[in-house]
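Participant: Following the hints, complete the assembly by docking chain B onto the known chain A.
Okay, here's what each chain looks like letter by letter:
Protein chains: 2
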Amino acid sequence: MLNTSRIKALTFDVFGTVVDYRSTIIKEGKQWNELKGLQVDWAKFADRWRSCYRPNMDRVLSGELPWMNLDALHRMALEMLLQEFEVEGLTEQEIDQLNRVWHRLEPWGDSVLGLQRLKQKFTISTLSNGNISLLTNMAKHSSLPWDVILTPSLVQTYKPDLAAYRMAIELLDLEPDQVMMVAAHQSDLQAAQKVGMKTAFVPRPLEFGWANIADQTPEFDFDVVARDFIDLAQQLGA
Amino acid sequence: MLNTSRIKALTFDVFGTVVDYRSTIIKEGKQWNELKGLQVDWAKFADRWRSCYRPNMDRVLSGELPWMNLDALHRMALEMLLQEFEVEGLTEQEIDQLNRVWHRLEPWGDSVLGLQRLKQKFTISTLSNGNISLLTNMAKHSSLPWDVILTPSLVQTYKPDLAAYRMAIELLDLEPDQVMMVAAHQSDLQAAQKVGMKTAFVPRPLEFGWANIADQTPEFDFDVVARDFIDLAQQLGA
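Chains A and B, in that order, give the protein sequences.
Going by the numbering used here, the first sequence wraps up at 238, each residue one higher than the last.
Going by the numbering used here, the second sequence wraps up at 238, each residue one higher than the last.
Worth flagging that the hints you see were computed from the coordinates, not collected in a lab.
Quick reminder that beta carbons are idealized off the backbone N, C-alpha and C, glycines included.
Do not rely on the hints blindly, as some may be mistaken.
Among chain B residues calculated to face chain A with C-beta under 10 Å, some are [as the list claims (entries may be wrong)]: (1) Lys119; (2) Asn137; (3) Pro145; (4) Val148; (5) Ile149.
Think about it this way: if two alpha-carbon atoms lie no more than 25 Å apart in a straight line, the pair counts; the simulated DSS-like pairs of lysine-lysine are [what the hints assert, rightly or not]: (6) A:Lys140 x B:Lys194; (7) B:Lys119 x A:Lys119; (8) A:Lys140 x B:Lys121; (9) A:Lys121 x B:Lys119; (10) A:Lys140 x B:Lys44; (11) B:Lys121 x A:Lys119; (12) B:Lys8 x B:Lys194; (13) A:Lys44 x A:Lys27; (14) B:Lys140 x A:Lys119; (15) A:Lys8 x B:Lys140; (16) A:Lys121 x B:Lys140.
The shape of chain A in the complex, shown without the other chains (with noise of 0.2 Å):
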């Protein structure tokens, strides 16, 4: 078992990993159908939206697009899939309103309790490519319990950016073995071992809706590999 003596904090990937996205812009979504009389498949749309995720932070990251916040970005993309989807009609308010769904993303089922015990033992904190105000409505909504809400916007990056990760080492005032990384997804506990961060893989299997169920066998020796967040906080005694 983990040694978790040292460990003072844990740092949460958001989109994916404690909320389900993709079901609360499905469930946002058929209300704009229903409001607005359209006709949008938002599975689909949810599915492009988030394919435009990476892609637009990278071009960020090489400096193609001068920095911006995921707010932005989110938006870019919207407009573009508005026009994809054949979506008219919208007012500005309207637009910004759809925008901000990524404000209002819902947890999976264990999130909020996990993420409770977690908190009576750990530091606990956002390491999400969310800006801050996204995160901060979010967690508000939503009732995630947060200590402190990080992100490497703040720096204005992305994960998997290192300088990510170094940040939130530093604002926590920890050494990066004193701080563990929890994430559906390898790459960025990757990153985060890259730094010297302990690491927590939890897989979400239904991340991408259950017509789409990846392999999500570890292909890396993580620290904890955990079911959900009550199994991690199960594993880390808290």
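Facilitator: Showing chain B alone in chain A's frame:
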């Protein structure tokens, strides 16, 4: 009565406004006296320590000192005061532990309940000169239910530099008049007013102890003057 409909977030000064640093330092200090056989007058020590606060931050703001966060400024002052009060024989670890008393400050009696009420209606954030780890540890220690922890140390400055207030407004993605600064210090509120924030003055007559109760008649036109955080919640309809 103030129209609160535009106000979305409250940002709080912390030292003196939310927590009673003087009493906490005296209480912990007495334990140090017993533990190490010291005879320090911790009320005087606390007052001297706090008296170094503003001048040292001003030395950073003027460029006389390079950027140092508040932990580092507290430590610099502490080393001077240990000599001044002729305290000897503390190990490096003990000095660090003593310096971190600022991470363990205890709230005024109304703070936690008031914040809990205010949090139901508004986003509540720190806007304190403390560094992230200090404010995060304090929140855990004293159950301060912040939605988000903001500090000008994120942009390497200190209040009342107007950049401090502007940073908070920007990270919250709000307009200046959607954010209300809450403080026990009128100079802090004056600076917030300069950038267009709303202001709430909550005098804390006991900040400097029973022997030093200052006249805290409001000298400026604040949007709210409240007796404590419960009264503030009441006045803001939270």
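Participant: Indicate, hint by hint, whether the structure satisfies it.
Facilitator: Hints, one by one, checked against the model:
For B:Lys119, the interface hint holds, the least distance from its beta-carbon to any beta-carbon of chain A being 8 Å, beneath 10 Å. Because the beta carbon of B:Asn137 sits about 8 Å from the nearest beta carbon in chain A, less than 10 Å, this interface hint is met. Taking 10 Å as the C-beta contact cut-off toward chain A, the hint placing B:Pro145 at the interface holds, the least distance being around 9 Å. Given the 10 Å rule on beta carbons, the hint for B:Val148 holds: about 4 Å separates it from the nearest Cβ of chain A.
A hinted interface residue such as B:Ile149 counts as satisfied when its beta carbon comes closer than 10 Å to some beta carbon of chain A; here the least separation is about 5 Å, so the hint holds. Only pairs whose Cα atoms come within 25 Å are accepted, and A:Lys140 paired with B:Lys194 is rejected, the gap being roughly 29 Å. For the suggested pair B:Lys119 and A:Lys119, the alpha carbons sit about 19 Å apart, so the restraint of at most 25 Å is met. For a cut-off of 25 Å, the pair hint linking A:Lys140 to B:Lys121 stands: about 10 Å separates their Cα positions.
As the CA atoms of A:Lys121 and B:Lys119 are separated by approximately 24 Å, the hinted pair is consistent with the 25 Å bound. With a C-alpha separation of about 42 Å, the suggested pair A:Lys140 and B:Lys44 falls outside the 25 Å cut-off, and the hint is violated. Among the hinted pairs, B:Lys121 with A:Lys119 is consistent with the structure: their alpha-carbon atoms are about 24 Å apart, no more than 25 Å. For the proposed pair B:Lys8 and B:Lys194, the alpha carbon gap of about 19 Å is at most 25 Å, so the pair holds.
Proposed proximity of A:Lys44 and A:Lys27 is supported: the alpha carbons are some 13 Å apart, at most 25 Å. Straight-line distance between C-alpha atoms of B:Lys140 and A:Lys119 comes to about 9 Å, which keeps the hinted pair within the 25 Å bound. Note on A:Lys8 and B:Lys140: the hinted pairing holds, with a Cα-Cα distance of about 12 Å set against a maximum of 25 Å. For the hint linking A:Lys121 to B:Lys140, the alpha-carbon distance of about 10 Å falls within 25 Å, and the restraint holds.
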